[in-house]
Amino acid sequence: MQFSLFESLNLLGTFAFAVSGVMKAIEKEYDLFGILVLAFVTAIGGGTIRDLLIGQGSVAWMRDNNVIYTIFLAFFLATVFFNLMKRFERWVTFFDSVGLAIFTIIGIHKGMQFHFNEMICIALGTITGTFGGVIRDVLAGDKPLLFHKEIYALACIIGGSIYFFLRASDRLENFAEIICCIIIIAIRLLSLKFNISLPKIHVKTSEK
Amino acid sequence: MQFSLFESLNLLGTFAFAVSGVMKAIEKEYDLFGILVLAFVTAIGGGTIRDLLIGQGSVAWMRDNNVIYTIFLAFFLATVFFNLMKRFERWVTFFDSVGLAIFTIIGIHKGMQFHFNEMICIALGTITGTFGGVIRDVLAGDKPLLFHKEIYALACIIGGSIYFFLRASDRLENFAEIICCIIIIAIRLLSLKFNISLPKIHVKTSEK
Amino acid sequence: MQFSLFESLNLLGTFAFAVSGVMKAIEKEYDLFGILVLAFVTAIGGGTIRDLLIGQGSVAWMRDNNVIYTIFLAFFLATVFFNLMKRFERWVTFFDSVGLAIFTIIGIHKGMQFHFNEMICIALGTITGTFGGVIRDVLAGDKPLLFHKEIYALACIIGGSIYFFLRASDRLENFAEIICCIIIIAIRLLSLKFNISLPKIHVKTSEK
Numbered sequence: 001m002q003f004s005l006f007e008s009l010n011l012l013g014t015f016a017f018a019v020s021g022v023m024k025a026i027e028k029e030y031d032l033f034g035i036l037v038l039a040f041v042t043a044i045g046g047g048t049i050r051d052l053l054i055g056q057g058s059v060a061w062m063r064d065n066n067v068i069y070t071i072f073l074a075f076f077l078a079t080v081f082f083n084l085m086k087r088f089e090r091w092v093t094f095f096d097s098v099g100l101a102i103f104t105i106i107g108i109h110k111g112m113q114f115h116f117n118e119m120i121c122i123a124l125g126t127i128t129g130t131f132g133g134v135i136r137d138v139l140a141g142d143k144p145l146l147f148h149k150e151i152y153a154l155a156c157i158i159g160g161s162i163y164f165f166l167r168a169s170d171r172l173e174n175f176a177e178i179i180c181c182i183i184i185i186a187i188r189l190l191s192l193k194f195n196i197s198l199p200k201i202h203v204k205t206s207e208k
Numbered sequence: 001m002q003f004s005l006f007e008s009l010n011l012l013g014t015f016a017f018a019v020s021g022v023m024k025a026i027e028k029e030y031d032l033f034g035i036l037v038l039a040f041v042t043a044i045g046g047g048t049i050r051d052l053l054i055g056q057g058s059v060a061w062m063r064d065n066n067v068i069y070t071i072f073l074a075f076f077l078a079t080v081f082f083n084l085m086k087r088f089e090r091w092v093t094f095f096d097s098v099g100l101a102i103f104t105i106i107g108i109h110k111g112m113q114f115h116f117n118e119m120i121c122i123a124l125g126t127i128t129g130t131f132g133g134v135i136r137d138v139l140a141g142d143k144p145l146l147f148h149k150e151i152y153a154l155a156c157i158i159g160g161s162i163y164f165f166l167r168a169s170d171r172l173e174n175f176a177e178i179i180c181c182i183i184i185i186a187i188r189l190l191s192l193k194f195n196i197s198l199p200k201i202h203v204k205t206s207e208k
Numbered sequence: 001m002q003f004s005l006f007e008s009l010n011l012l013g014t015f016a017f018a019v020s021g022v023m024k025a026i027e028k029e030y031d032l033f034g035i036l037v038l039a040f041v042t043a044i045g046g047g048t049i050r051d052l053l054i055g056q057g058s059v060a061w062m063r064d065n066n067v068i069y070t071i072f073l074a075f076f077l078a079t080v081f082f083n084l085m086k087r088f089e090r091w092v093t094f095f096d097s098v099g100l101a102i103f104t105i106i107g108i109h110k111g112m113q114f115h116f117n118e119m120i121c122i123a124l125g126t127i128t129g130t131f132g133g134v135i136r137d138v139l140a141g142d143k144p145l146l147f148h149k150e151i152y153a154l155a156c157i158i159g160g161s162i163y164f165f166l167r168a169s170d171r172l173e174n175f176a177e178i179i180c181c182i183i184i185i186a187i188r189l190l191s192l193k194f195n196i197s198l199p200k201i202h203v204k205t206s207e208k
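Protein chains in written order, with the UniProt record's numbering: chain A, 1 to 208; chain B, 1 to 208; chain C, 1 to 208.
No incorrect hints appear here.
When chains are identical, the list treats them as one kind, so a pair holds in a single copy or across two.
Straight-line alpha carbon distances no greater than 25 angstroms define the calculated DMTMM-like cross-link-like pairs of lysine to aspartate or glutamate that follow: (1) 200 with 29; (2) 193 with 29; (3) 200 with 142; (4) 200 with 27.
Note that these hints are calculated values from the structure, not bench results. Being a predicted model, the structure only gives us computed values, none of them experimental.
Only chain A is shown next, with the shape it has when bound in the complex (with noise of 0.2 angstroms):
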């Protein structure tokens, strides 16, 4: 078995994903169970629903022993050494990132692969990275993070468009997927560090 720089990226990836599951169910106060189920749900819930709504047969991670054995590795670690993981956020956080990109790039290219039109293609880029998040929230009883705070899914959009403008070009054609991924871990760490967001639209309250 041989692993390629993507396929790595993409556990990593993964298992950051998985570890925000863990810890959402954690301080949920969630049983075992429900801690590992949180921490699938987070790592492959994204690339689910991109993969039903393309229709393609099986979903890609019932297939993929690589992508089981981290989210396994994940939840252990991360329960198990709960504190430590705390202690580590600001790597979890990274590894979140490329995760991030790496999950929009794939799911970009899956939707090349079934001929969508670039705009369908950022969008499943960009559920593929983001919706593991929003089931986690939902099974979490929570508000979805996503719809109201920090920049994340933006990062994706910007990320796709700009891939696929690369492609275009005839000089940074073989470059477009290593500067997407660049451009979205950029975003998304920036707008945590200076702690931008998304406007949102305030109506008086009176309209209720």
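Given the structure of chain A, go ahead and fit chains B and C onto it with the hints provided.
Chains B and C only, in chain A's frame:
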């Protein structure tokens, strides 16, 4: 590109459903991305669940740019002209009822195309018409309105039943769709006007 | 039409799951349509998610009238004779455990039919048995009971593992299904009787 009456009404309904997603997201203080996602899931959620249950390959809206642009338009208009939309709430409610009727018919047709029996076809019509709102409410962290307020699904069920009844008759076969639509719209608007809702089962609290 | 023992037990389980959906909906003061939907999603939700993940075309219950009529019957009886149902709660719990066992076996069989490995088959069995309840709780606006109360999924996982263990043995191969069922029912009922639940991870609140 030529629009049939049917297609136009479908887009009108899509628009109204998307607007109701925007309204809900703004009420919940979601950010711009959250508003966009709720506009989408409200408009295409019902049809997506229908297509997933049928297992027809990729879901319908992913190949239908008119639907996607209509949702973006609704997102843009309802976000920018929020207060204006509020003032025209009656029209939005009317369009919403039109959407409910059209979506029900589309769902029934799709069920027939896949040779499901009448009961399942009516269920698919009802799901197409109503489950976008259910996903909207779940993602907004609310109990689905559909399950405890207003007559909504019942309009689809009655309309759908009458549709199959009319199809079996010699005289009215050609008018089955239009009569079904009018009945759904009428039930919905009248139940709103007279504040009629479905009965609930009340239990003594001592039984928890 | 001839019923096998297996089919009868399946319908018994479907009935009990639907009743638990009705109970939850009434507790939440949902209207008649809400009660019907919760009866349905609790009874067929797990199998639906399994079929979607496998990507087998249309989901199983849509072609199975016996399941649909059983759910309608449960809806009718549990709504009309709510107080009576409450008094026979023990029986409903017992039937519910039978359903859990049968659904697990059905899910495992389906996984084997599609040539998934043992781990995925057990996961599919567990999903078939438990995720109807998860959807029920999400649609009722609750945190899924499955994740923080009672032993439920663990029974499926242990039963499923023992099933594959028995299949590998020469002597007990033919009894694998029945032993698996009995083990699942026993674990479920004993854990209820002795009030055993899965451990949770407790963290100091200072760490949030």
